[in-house]
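J.: So you can see what is in the structure, the chains are spelled out below.
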Amino acid sequence: MSAGFHIAVCGSLVPDPLQTLEPVDTPAGPGLKSEMMLPAVLDPWAAHALYEAAHLAKNTGDSKVWLVSLGPKARLQQLMMNIAQKVPFELVALDGPAGGFSDAYEVAAALAGAVEKIDGLDRPRLLLFGGRSSASRDAGVTLQMVGERLGITDQFLAVDKLTVQDDGSLRVLERVEGGVYQASVCEGPPAVLAWSTGELPEPPNNPQVGMQNMRAIMPALQQAQPAAVSAAGITYRNVEVPRQRRDTKIVKDVPAEEIAREIVEWLRS
Amino acid sequence: MSAVKPDTARTPQLATLPGDDVRQIMWRFADRYDLQMLVQSSRAVARGPVARLVADGARNTHEWTEEKATLLEAYDAAGITSVFIDPEYGGFIEGPKNLAMGLAAFELAWVDGGAATGAMAGHLGLSPIHEKGTADQKAEYMRRFAPAQPGEDRTIERSAFALTEPIPYVGVDTGVLGGKVSVKEWKKGEEPILHVEKRGRFITNMAFANFVSAAVDSGDERIEGSCMIILEANDPGIYDRGTPTKKLVHQLSATSDPVFSLDVPASRIIGGYTVKDGVIIPNYNHGEIIDSVFRRTRVTVGLMTAAKLLSAVEPVIRYQRGRFRGGDSDHPGSPRHELGLQQKEDALHRLVDIWATGEASASLGFAAARLFDELDPMDHRRDEIFKAHGIPEGRKAIRALTEWTDRALEYVRLAARPEEERDGARFQELEANELIQYLVKDALANVLCPAAKLWNTGHGANMMREAVSLMGGYGVTEDCPGFLPQKWMDAQLEATYEGPEAVQRRQLSVTMTSPIFLARFEEWLKELRAIAGLRPGSGACTLASAMDLWLWTLRHLLGARDADGAPLYKGHRQGVTFPMADALCWLLASRYQIMDLIELETVGADNPSLAEALPGFVNFFTDLSHVQAAAAGGEVARICSSLVFGYNRHPSWTTESDRAYSARELTVLENVMPGLCSCATDAFDEDGDAPLKRGPCVRFDGYEPFTLRRAKLDGCLSGSRLAKDAAAQALTEVVVPEALDYPG
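Read top to bottom, the protein sequences are chains A and B.
Residue numbering for the first sequence follows this note's numbering, starting at 1 and increasing by one per position.
Residue numbering for the second sequence follows this note's numbering, starting at 1 and increasing by one per position.
By construction, these hints were calculated from the structure, which means they are not laboratory data.
The reader is advised that the hints may include incorrect statements.
What the hints assert, rightly or not - In the DSBU-like style, the derived pairs of lysine-lysine whose C-alpha atoms are separated by at most 30 Å in a straight line are:
1. Lys33(A) - Lys73(A)
2. Lys570(B) - Lys344(B)
3. Lys712(B) - Lys526(B)
4. Lys249(A) - Lys344(B)
5. Lys33(A) - Lys344(B)
6. Lys276(B) - Lys188(B)
For clarity, every value in this text was computed on a predicted model and none was experimentally measured.
Put together the whole structure using the sequences plus the hints.
T.: Right, dumping it as structure tokens:
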């Protein structure tokens, strides 16, 4: 049996965090004002997961990465023009809403179904990656439910570091309160790893990687299956942007120590 | 195809700033994912390492520092270095690359023009080899310029372009070159060794260039004419990179004044050479090479300034809205808090003008880039195409092309007619002919290239000053968001390098009288009238009237003489030809802006992610087009009127005129015929003297075709101010991000 991993990363687009977000009521429930028009990025938590997945695959022979994305097809295509240049992966696209107000249960069902249908996926070697949270709405439960549907019970939901040990077991550091980690070891795949921030920086764009990826991504987008995902049956009593947490401060010429000091002060306050 | 109605309800409004999906459609690369990825990778470099360097004050030094040098690696990693390279040599973009380079430069210049120039200068250095180099030269230097391929262990070699002197075809000291090439050693049966003496001035990339494409003149009777030649850093002799130029602008590009005194083999002559009667005859003189290079790269420069204007919109809006926040009189929720300076019409109108100019210049620049992508395959086979059609070389070609020019004109006319109304077989025949296609595209390219360079950078620099002024005192500080003052200063260099404004005007004054171009221009005029029927709010009617006025004026000037009987439209009469070139640029930019608007409306409808936003974008861009068309109309009217009448001598007082009145007479007549006083009449006071403030008045006999057109254009400005009001209103409502996406 090959030692490599088959890594399915679940992640989709969210509005660029710098955009001004304003909740509005739509006929389909709550939404964001002009959401379809706002520039989008790959959900930052999912992005960490993707970069970690690519790093792991690169360093573990015979591994492969899929990015499983549920979102409006045309918007996913725009997203791919950037993300596809970062790391090698294959896209599994589901054409559906990517807003923050979909029912996590339905989203999980669609994602699990898509993972099950991946051609050539070796389930015993599967590592299911994703974000521990989402920048669009912090339900924090989707990946857990995808794992359940796929029958994966080894789940780690705040991962910052994954080490493949010599015996093939996985050592996982999960973020817990007070800046400490919970260390776990599991025998190996299959496992669910929902990433916090990981340890890797955003890879630079590489158009050669992008051109290679796009050969498979464009057909995947064209063949994206519609996913019936909604928020039917869910009533939102109130929707608001956590404005206090979105105060943006642009600084320059400020030493890292000074920035760190400000952050510590803010945390203490 | 839907139409914008004259009474277009101003809803839905512009909801957000236009994103990539809008731009991809307007600038015609929605089906090119290679270009879309290039945009993203260039943007990441621009708004990442480039912006950080600018914010950290890296522009405050003239020297090429280690910090600045890190940009080269960023360009390499992002594929910007290899944009210019064909896939066979390690690049990733197939086919012509003018649009690709334009997009990359646009993204870099969005943050810093010097970074864009530095990134593009390597391509400029390689361009002579790409355009006219021998197969061996291409293979050698393209490969060395390209990033290392898998399995290769080497570093990328950089290039520079050393010309500095005026180029041919512009009427200013044509052919004068500072550099000389002579034969140092020529052993029988062996490659001659040449000696090159060259001093460069203002040469970009010289701080690190491994090889240079240098223009040199013959300094030896055994070498004919001029040529371009490749110099390498390890050639025997002096390869002095020179001292850094003390530029006030573009400090993120490495510029210096190098000195070369080198021995190189004759095989370095770009494009190769032949030997006849003991004389080395370069296959291409330096003028031929430079012409083929600059006609492409100048478009890229024009797009850089366009990017600056469009990049100014977001920081200005944010500054305007937040101007009063935090003050004692500030109350959240009040108009003063929400709108700030946007409560003032002037601030909004001026920003509308900046945005409209940015749109028009981008439309013109990208149209030119796309045209060169179409022209390139034929241009590279020009000699072959000419030969296949029996066109001789040199001056004889002009005569031989006359017949083909007539066919090209016929093609232009047929192409503009509806399919069902034209002779399909004849059209197909003409369309299939490569020479005709070459002549048609070449005639347009010869106009669009200098127009984009001239108008985008020159007028763009003026409008960048407007943008800076909208930031108040903030606008002249290093802290100004969006680096606007730096962009303003940089724009002046963009208006200067690769041929200053006078050079572009000179070229336009020649190329814009091409019969093929003028035929195209006439067809555009008709096309705009048709567009105006469907989209009266777009300014198409205004623009058509302005084009009509310009065309009449040009034809008039071509045959007219001044008060002393001297012909007006002559090369040396730059007071005539240059303003007409300027006026044409306004028209072209406005025309392409309207065409991009139509593209967005028609193609955008098929993009599901734009479905909700499209009407708002179309409404807003319609208003911007109208504003810009009116501005173009105003410029054209002013210029044409001054040229048509300005060279006639002003009339003197005469009592014999059949239109002379006494002032009292005129007052009485005015009561009977209101408005008479405004007619062209001469009036005298009671003593028969000429009053100080009235007349003598000019007469318009023979100028009726002009005055009718001018009056029509004035009337065609109807609605343009309403469009500006509507666009201004949209600026108060559009959602902008909370902060710039780069540390500016």
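J.: Are the hints correct? Go through all of them and say.
T.: Outcome of the hint check:
The straight-line distance between the Cα atoms of Lys33(A) and Lys73(A) is roughly 20 Å, inside the 30 Å bound, and the hint therefore holds. For a cut-off of 30 Å, the pair hint linking Lys570(B) to Lys344(B) is broken: about 47 Å separates their Cα positions. Between the alpha carbons of Lys712(B) and Lys526(B) the distance comes to roughly 16 Å, so the proposed pair stays at or under 30 Å and holds. A threshold of 30 Å between alpha carbons decides the hint, and for Lys249(A) with Lys344(B) the separation of about 27 Å falls inside it, so the pair holds.
For the hint linking Lys33(A) to Lys344(B), the alpha-carbon distance of about 26 Å falls within 30 Å, and the restraint holds. A threshold of 30 Å between alpha carbons decides the hint, and for Lys276(B) with Lys188(B) the separation of about 14 Å falls inside it, so the pair holds.
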